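> Which chain is which? The protein sequence lines are A and B, in order. So the first sequence is numbered by our numbering: it starts at 780 and just counts up by one. So the second sequence is numbered by our numbering: it starts at 780 and just counts up by one.
Heads up, a few of these hints could be off.
Since the list gives no way to pick one copy over another, a pair counts as held whenever it fits inside one copy or between any two copies.
In silico SDA-like links for lysine to any residue, alpha-carbon gap of 25 angstroms or less [to be verified]:
id, residue 1, residue 2
1, K857, G875
2, K857, R870
3, K830, Q869
4, K857, A882
5, K830, L793
6, K857, A886
To be clear, the hints were calculated from the coordinates, so they are not data collected in a lab. For clarity, every value in this text was computed on a predicted model and none was experimentally measured.
Number of protein chains: 2
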Amino acid sequence: MPPSRQANLDHTLLALADPTRRAILQRLSRGEARVTDLAQPFAISLNSVSKHIRVLERARLVRRRRSGREHLLTFDPKPLADAAAWMESQRALWTGRLEALDALLSAEDRAAKRGPRRRGRPR
Amino acid sequence: MPPSRQANLDHTLLALADPTRRAILQRLSRGEARVTDLAQPFAISLNSVSKHIRVLERARLVRRRRSGREHLLTFDPKPLADAAAWMESQRALWTGRLEALDALLSAEDRAAKRGPRRRGRPR
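This is chain A alone, in the form it adopts within the complex (with noise of 0.2 angstroms):
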């Protein structure tokens, strides 16, 4: 993987590893909000919400506009798209490659229990 997708990588699943900014962007799947709307339910001061939205913004998970004074947030799904992709290829790759390894220590195992009579035997 080349490092700017690594670090989007990373960026992506840092964001997603909190369960305010989870909740922060199921909010924003429904709909723009302001910054305020989205301190709100969370019960939590508006400088931590800031916080918590400067790391969804660093992932690229959250775009931010102005229209006069306020400040607008949506929710962008590319990155949460992608990560998810990456996670289920590791997932098949991996799980497939321990697999793969517990059928070939299996068969092994079947062979020494068979007994040193076959041992020499061509397979």
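Following the hints, position chain B against chain A.
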């Protein structure tokens, strides 16, 4: 999502959000390894590798067993499978909501463009 599953997801995503930890898992997907085997290809200190391994153990992606004086590490794919399933379900759900919202806004735009002539007409 219950708090314990939230915490598991936090640990899994955080553990995966680092290229060295992903490389360690990739190596372990090829079979059991000792901590010293893992440190070698990464050109980082044994202490630094140990810290990464502890993060992976907390996420239950890596299990440790002792064989005499050796610590042997194996990869457990279960938390990766859980996180991949969560990520895919949220991607589908959140992206679906955004698309439904876009469709709704486009329909409203078209209705508005039809002009005031039809405004009073029941829909």
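> Of the numbered hints stated earlier in the document, which are not met by this structure?
none
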